[in-house]
Amino acid sequence: MKHYVLLIVALLCVGQASRAQIQVSPLVVDNNTQGLAGASSIIESKLQSVLSQNGILCNYGESRFVLTAKFDVIDKQTLNTVPVKIVSHLNVSLGIGDGIDGTCYGTTSFEATGVASTEEQAIINAVKHFNGKSPQISNLITRATNRIVEYYNRNSASIIAEARALIKSQKYNEAVYVLNTIPMACKGYSEAQGLMAQAYKSNINHNSAQVLAAAKAYWAANPTTEGANEVANMLSEIDTNSPAYAGAKQLMSQMSARFKLREDRDYALKTKEMNQQYALNRAQIKAAENIAVAYAKSRPRVVYNTPIINRWWY
290 MKHYVLLIVA LLCVGQASRA QIQVSPLVVD NNTQGLAGAS SIIESKLQSV
340 LSQNGILCNY GESRFVLTAK FDVIDKQTLN TVPVKIVSHL NVSLGIGDGI
390 DGTCYGTTSF EATGVASTEE QAIINAVKHF NGKSPQISNL ITRATNRIVE
440 YYNRNSASII AEARALIKSQ KYNEAVYVLN TIPMACKGYS EAQGLMAQAY
490 KSNINHNSAQ VLAAAKAYWA ANPTTEGANE VANMLSEIDT NSPAYAGAKQ
540 LMSQMSARFK LREDRDYALK TKEMNQQYAL NRAQIKAAEN IAVAYAKSRP
590 RVVYNTPIIN RWWY
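All residue numbers for the sequence shown refer to our numbering, where the first residue is 290 and numbers rise by one.
One or more of the hints may lead you astray.
Unchecked claim - Now the in silico label distances, taken between C-beta atoms and shown as ranges:
no., residue 1, residue 2, range
1, Arg547, Ile389, 55 to 61 Å
2, Ala454, Asp364, 24 to 30 Å
3, Ile363, Asn428, 18 to 24 Å
4, Val592, Arg547, 56 to 62 Å
5, Ala454, Lys476, 17 to 23 Å
6, Ala502, Ser330, 21 to 27 Å
7, Ser458, Phe399, 44 to 50 Å
8, Asp319, Asn428, 36 to 42 Å
9, Ser491, Asn518, 29 to 35 Å
10, Tyr507, Gln342, 47 to 53 Å
11, Ala454, Phe399, 43 to 49 Å
12, Ile363, Lys457, 53 to 59 Å
What the hints assert, rightly or not - List of simulated lysine-lysine pairs, BS3-like, C-alpha gap at most 25 Å:
no., residue 1, residue 2
13, Lys457, Lys417
14, Lys457, Lys490
15, Lys476, Lys505
16, Lys586, Lys460
17, Lys586, Lys457
18, Lys417, Lys460
19, Lys490, Lys586
20, Lys490, Lys476
21, Lys476, Lys457
22, Lys505, Lys490
23, Lys538, Lys490
24, Lys374, Lys417
Since the hints were derived computationally from the structure, they do not count as laboratory data.
Where is the CB? At the ideal position from N, CA and C, for every residue including glycine.
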């Protein structure tokens, strides 16, 4: 159990470094980007920067909660320089809230200025260079994150119940993702972390059992020296902390008794436990977080309530 405790402790540290694991996604709404046609990636990058500067996770694909922006050109000037320069003054409105049900948790507005040789580039420069960690923006995000914590306090029990059902259905990666959305500040956090470790362990055991079954089937169909070496390769993928590892060692002994395996294959399995234990303290520290990130990126796209989100500014 030692390494599962390490996993939980590591996840606690990740949460502390990222404002309690709160996840918010940047959302670009096309009709809120006056004069910025085709600049969606620039806007999204800036919104990501704003979130990161304020300690918010934004690398989990599309979260339920979003930070979005509206840009209005309020003035432009042409400078008598060589070459000619355009100065664009923008009103930037930021909003943050629940992108699915459309609840706004707060908005703020401020002016930003950009200078360039073209009007479009001047607008883009204004977007790129406003201070994403100004007290005004930080206060907005603090207020919003408090509301997000309230959301999870109300819903953590149902989220945990959903994760238990996913584990029962052997959808371990999805369960880890769901549990990892619950922030540290919420009352269900400790239970979620314990269940996450269980899902992670179950996933390892499930995968290792599948590898062992495949290795046995391969060996039954190919009881040759070449088959033994191939099976040894397969067995090296089995986690040493899973119940299947005992079966892997037994199968290796059976093959070794019949054929002399290549030295490197035999050695690889014999040293597997030592190597994995060393890697455990390095690789598995962020294992659950990595699973959550990978699963988030593979999910179907979230359908945001953009008609309601567009009303945040009015």
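Against the structure, the hints come out as follows:
Taking 55 to 61 Å as the suggested C-beta distance range, the pair Arg547 and Ile389 conforms, at roughly 59 Å. Separation of Ala454 from Asp364 is about 55 Å and departs from the stated range, judged on CB atoms against 24 to 30 Å. At roughly 23 Å, the beta carbons of Ile363 and Asn428 sit within the given window of 18 to 24 Å. Distance hint check: the CB atoms of Val592 and Arg547 are about 57 Å apart, consistent with the given range 56 to 62 Å.
Here the CB-CB span from Ala454 to Lys476 is close to 21 Å, well matched to the stated 17 to 23 Å. A beta carbon spacing of about 45 Å between Ala502 and Ser330 contradicts the range 21 to 27 Å that was offered as a hint. Judged by the Cβ atoms, the range 44 to 50 Å given for Ser458 and Phe399 holds: they are separated by roughly 47 Å. Checking the proposed 36 to 42 Å range against Asp319 and Asn428 shows it is violated: the Cβ atoms sit about 28 Å from each other.
For Ser491 and Asn518, the hinted distance range of 29 to 35 Å is satisfied, since their beta carbons lie about 31 Å from each other. Our hint of 47 to 53 Å for Tyr507 and Gln342 holds, since their Cβ atoms are close to 52 Å apart. At about 45 Å, the beta-carbon gap between Ala454 and Phe399 stays in the expected band of 43 to 49 Å. For the hinted restraint 53 to 59 Å between Ile363 and Lys457, the CB-CB distance of approximately 56 Å keeps it satisfied.
Distance check on the hinted pair: Lys457 and Lys417 sit about 46 Å apart at the alpha-carbon level, beyond 25 Å; violated. Between Lys457 and Lys490 the alpha-carbon distance is near 13 Å, which keeps this suggested pair within the 25 Å criterion. The hinted pair formed by Lys476 and Lys505 fails the criterion: a straight-line CA distance of about 45 Å is larger than 25 Å. In summary, the hint linking Lys586 to Lys460 is supported, as the alpha carbons are separated by about 16 Å, within the 25 Å threshold.
Proposed proximity of Lys586 and Lys457 is supported: the alpha carbons are some 23 Å apart, at most 25 Å. The straight-line distance between the Cα atoms of Lys417 and Lys460 is roughly 40 Å, outside the 25 Å bound, and the hint therefore fails. At most 25 Å may separate the alpha-carbon atoms for a hinted pair to count; Lys490 and Lys586 meet this at roughly 22 Å. Pair hint Lys490 plus Lys476 holds up; C-alpha atoms about 23 Å apart against a cutoff of 25 Å.
As the CA atoms of Lys476 and Lys457 are separated by approximately 23 Å, the hinted pair is consistent with the 25 Å bound. Proximity of Lys505 to Lys490 is assessed by CA-CA distance (about 23 Å); at most 25 Å being required, the pair is judged to hold. Distance hint between Lys538 and Lys490 is fulfilled; the C-alpha atoms sit about 20 Å from each other, no more than 25 Å. For the hint pairing Lys374 with Lys417, the CA-to-CA distance comes to about 17 Å; that is within 25 Å, so the pair holds.
Violated hints, in rising order: 2, 6, 8, 13, 15 and 18; the structure is consistent with all others.
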